[in-house]
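Here is how the chains run, residue by residue.
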Amino acid sequence: MKMMKLTYLMAFVLAVALAATGCKNHRPVGVTHLPPGAGSTLPEANPSGTLSGGDQNANAAGGGPMANIEDINGMAADRTALASYTVLFAYDSAAVKKSERANVQAVAEALKRDPSTKLQIEGNCDERGTEEYNRSLGERRALAVRQALVKLGIDSSRVFTLSYGKDKPVDPGHDESAWSKNRRDDFVLLHPKSGA
Amino acid sequence: MKNNYITLLRICLAIVLPAAASFCHGQDGVIQVVKQYDILGGTKPILVSLDGFSGEVAEVLKFDLYVQGFSFVAPDAAQYQISGSGTDSVQGRVVDRFAKSTLLSRSYTGVSVRKQAHAFADDIVQAITHKNGIGQTKIAFKAQSSSGNGEIYVADFDGHNAQAVTHDSTIVAAPAWVPGRLALYYDSYKLNNPDVWYHNLTTGQRRVVAHYSGSNISPAASPDGAKVALIMSKSGSPDVWVCNADGSNLKQLTHTPEDESSPCWSPDGQWICFATKINERRVLAKIPAGGGALERIPTPGAPNPTEPDWSPDGKWIAFTLQTGEFDICVMPADGSAPPTMLVAGEDPSWSPNSRTLVFTRRTGGRYTLSVLDVFTKQVKDIARISGNDSQPAWAR
Numbered sequence: 001m002k003m004m005k006l007t008y009l010m011a012f013v014l015a016v017a018l019a020a021t022g023c024k025n026h027r028p029v030g031v032t033h034l035p036p037g038a039g040s041t042l043p044e045a046n047p048s049g050t051l052s053g054g055d056q057n058a059n060a061a062g063g064g065p066m067a068n069i070e071d072i073n074g075m076a077a078d079r080t081a082l083a084s085y086t087v088l089f090a091y092d093s094a095a096v097k098k099s100e101r102a103n104v105q106a107v108a109e110a111l112k113r114d115p116s117t118k119l120q121i122e123g124n125c126d127e128r129g130t131e132e133y134n135r136s137l138g139e140r141r142a143l144a145v146r147q148a149l150v151k152l153g154i155d156s157s158r159v160f161t162l163s164y165g166k167d168k169p170v171d172p173g174h175d176e177s178a179w180s181k182n183r184r185d186d187f188v189l190l191h192p193k194s195g196a
Numbered sequence: 197m198k199n200n201y202i203t204l205l206r207i208c209l210a211i212v213l214p215a216a217a218s219f220c221h222g223q224d225g226v227i228q229v230v231k232q233y234d235i236l237g238g239t240k241p242i243l244v245s246l247d248g249f250s251g252e253v254a255e256v257l258k259f260d261l262y263v264q265g266f267s268f269v270a271p272d273a274a275q276y277q278i279s280g281s282g283t284d285s286v287q288g289r290v291v292d293r294f295a296k297s298t299l300l301s302r303s304y305t306g307v308s309v310r311k312q313a314h315a316f317a318d319d320i321v322q323a324i325t326h327k328n329g330i331g332q333t334k335i336a337f338k339a340q341s342s343s344g345n346g347e348i349y350v351a352d353f354d355g356h357n358a359q360a361v362t363h364d365s366t367i368v369a370a371p372a373w374v375p376g377r378l379a380l381y382y383d384s385y386k387l388n389n390p391d392v393w394y395h396n397l398t399t400g401q402r403r404v405v406a407h408y409s410g411s412n413i414s415p416a417a418s419p420d421g422a423k424v425a426l427i428m429s430k431s432g433s434p435d436v437w438v439c440n441a442d443g444s445n446l447k448q449l450t451h452t453p454e455d456e457s458s459p460c461w462s463p464d465g466q467w468i469c470f471a472t473k474i475n476e477r478r479v480l481a482k483i484p485a486g487g488g489a490l491e492r493i494p495t496p497g498a499p500n501p502t503e504p505d506w507s508p509d510g511k512w513i514a515f516t517l518q519t520g521e522f523d524i525c526v527m528p529a530d531g532s533a534p535p536t537m538l539v540a541g542e543d544p545s546w547s548p549n550s551r552t553l554v555f556t557r558r559t560g561g562r563y564t565l566s567v568l569d570v571f572t573k574q575v576k577d578i579a580r581i582s583g584n585d586s587q588p589a590w591a592r
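So the sequences go chain by chain: P and Y. End of the first sequence = 196 in this note's numbering, gap-free, step of one. End of the second sequence = 592 in this note's numbering, gap-free, step of one.
Source of the hints: derived by calculation from the structure; they are not laboratory data. There's no promise every hint is true.
To be verified - BS3-like mimics (lysine-lysine), calculated; alpha carbons at most 30 angstroms apart, straight line: (1) 473/Y with 151/P; (2) 473/Y with 327/Y; (3) 573/Y with 181/P; (4) 98/P with 193/P; (5) 181/P with 151/P; (6) 327/Y with 258/Y; (7) 112/P with 193/P; (8) 473/Y with 97/P; (9) 473/Y with 423/Y; (10) 98/P with 386/Y; (11) 151/P with 447/Y; (12) 511/Y with 423/Y; (13) 168/P with 386/Y; (14) 181/P with 473/Y; (15) 151/P with 193/P; (16) 98/P with 181/P; (17) 473/Y with 168/P; (18) 112/P with 97/P; (19) 386/Y with 193/P.
What the hints assert, rightly or not - What follows is a list of derived Cβ distance ranges for each label pair: (20) 30/P with 272/Y: 47 to 57 angstroms; (21) 175/P with 540/Y: 19 to 29 angstroms; (22) 172/P with 540/Y: 19 to 29 angstroms; (23) 80/P with 494/Y: 43 to 53 angstroms.
Glycine included, every Cβ here is placed at the ideal spot set by N, Cα and C.
Build the full structure now, drawing on both the sequences and the hints.
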């Protein structure tokens, strides 16, 4: 019975709705004018941009904060010196594997040999995660090795990180052979510019 | 009397109109009312016919209506008959075949027939569903070449009229609109570091908002545009931070050793939702925008969720499910039902009317953008710019 009542109610509602919309039969033809250029063109970007905003000196105290990014301004980037010590990672992991410890040790030795140098660690991922997920995971990988270097006695103010996510694969392939090479930290040795 | 009709109409429209689409398939004399609206992926499309349009106008109308839950049938099978012409300018009408009434009769002038067709599509959606259409909305996205470098683009929601916003020849990522304004935040490696930039699209002026040691990534403007949530790692871990629109007044919200990613705001500005790891499991979580305790957002049946986006009406959270494959999922923001897996894809972004998602789809080793009506699951690829288009953000 309830269902029957509901059906009658629905039928009534439908009739009312149809009757109401029926009243609008003689609606006049309206005109919508779109103004020219509304949202259709954008000015050119200012490619030089202007640097402002943000507190450049805000280095929060706490566990493992990084030194000011301005500290590495103008340093010469040497991408070959530590190229053979690239550290590889397991899928979806930022843990430094036992097999990679020798490479981390070698990077630490290089930094100890020349105290004027600093280090940029670039974290990378394979293509399997989503983009921003990988950008965070790549940063986590760079920070994991930074932490390992600090444990080996490197001053944390000498080590900087960044993440390329999955935007800089060394192997463009779509299989584990490629992916295993792409899950990595690359090391860029930073030298003071001569005469600086 | 008329007021009564209108009141009744308003109360019952949500039941009658979506259900009406099934009447034409019903047996003679039998009216079956089936609740078939607001069911994620399970709502039946509204049946319409389209007559008299050709070329670009027909293409636009078909595209706009299809991805908003309309399906095309012969005039005698349609509930709503759409007809008109669009050679020099667009004019059209919508007739309700059952009510035998004209819901809309309008002509359009100015700009281009393409824009006029979008405007007509919006009027059709408004006349039939009483909701704002998406025909005249915009998206931003990243177009990337095989080198890994890319530029930020802005386009109509269907991918047409695309314009490059950046000309940096570097890695760019994660464009995010300031709600209600022609302005974006995005990530650029222009200064040899992943930094967050603010770009006013009206003046072309831009500035760095976050350029700190480590990665400064994944910006998201608050609903009122006064704040930005982002991921920064200068403290030693990728955490959620929040700052003023100009980058001042930085505040670290999360203090986990894990890698947080993809922050988004609740539409009331109270919460920031993001992906993180708790007890070795990838989860979605939220934290009060002013700081406070982190709360897990359960996604039962959907392990490894990432890239959340909270719908502008507050009702839904869309996210990417990573299981080796990628799937677009939607769930009620209040957790009243488990997530529904809709289609293969990643990085969803809600339309301003909280009904359609634009997302990235991997096909043949490339990325392309698609739009999805979450209720009918009707989906179409949008126009492509480059080898890889990804990270779409719907202006709202």
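A quick look at each hint next to the structure:
| no. | hint | result |
| --- | --- | --- |
| 1 | 473/Y with 151/P | 24 angstroms, holds |
| 2 | 473/Y with 327/Y | 38 angstroms, violated |
| 3 | 573/Y with 181/P | 38 angstroms, violated |
| 4 | 98/P with 193/P | 35 angstroms, violated |
| 5 | 181/P with 151/P | 26 angstroms, holds |
| 6 | 327/Y with 258/Y | 18 angstroms, holds |
| 7 | 112/P with 193/P | 19 angstroms, holds |
| 8 | 473/Y with 97/P | 20 angstroms, holds |
| 9 | 473/Y with 423/Y | 25 angstroms, holds |
| 10 | 98/P with 386/Y | 35 angstroms, violated |
| 11 | 151/P with 447/Y | 28 angstroms, holds |
| 12 | 511/Y with 423/Y | 22 angstroms, holds |
| 13 | 168/P with 386/Y | 15 angstroms, holds |
| 14 | 181/P with 473/Y | 25 angstroms, holds |
| 15 | 151/P with 193/P | 28 angstroms, holds |
| 16 | 98/P with 181/P | 17 angstroms, holds |
| 17 | 473/Y with 168/P | 25 angstroms, holds |
| 18 | 112/P with 97/P | 22 angstroms, holds |
| 19 | 386/Y with 193/P | 21 angstroms, holds |
| 20 | 30/P with 272/Y: 47 to 57 angstroms | 28 angstroms, violated |
| 21 | 175/P with 540/Y: 19 to 29 angstroms | 20 angstroms, holds |
| 22 | 172/P with 540/Y: 19 to 29 angstroms | 22 angstroms, holds |
| 23 | 80/P with 494/Y: 43 to 53 angstroms | 49 angstroms, holds |
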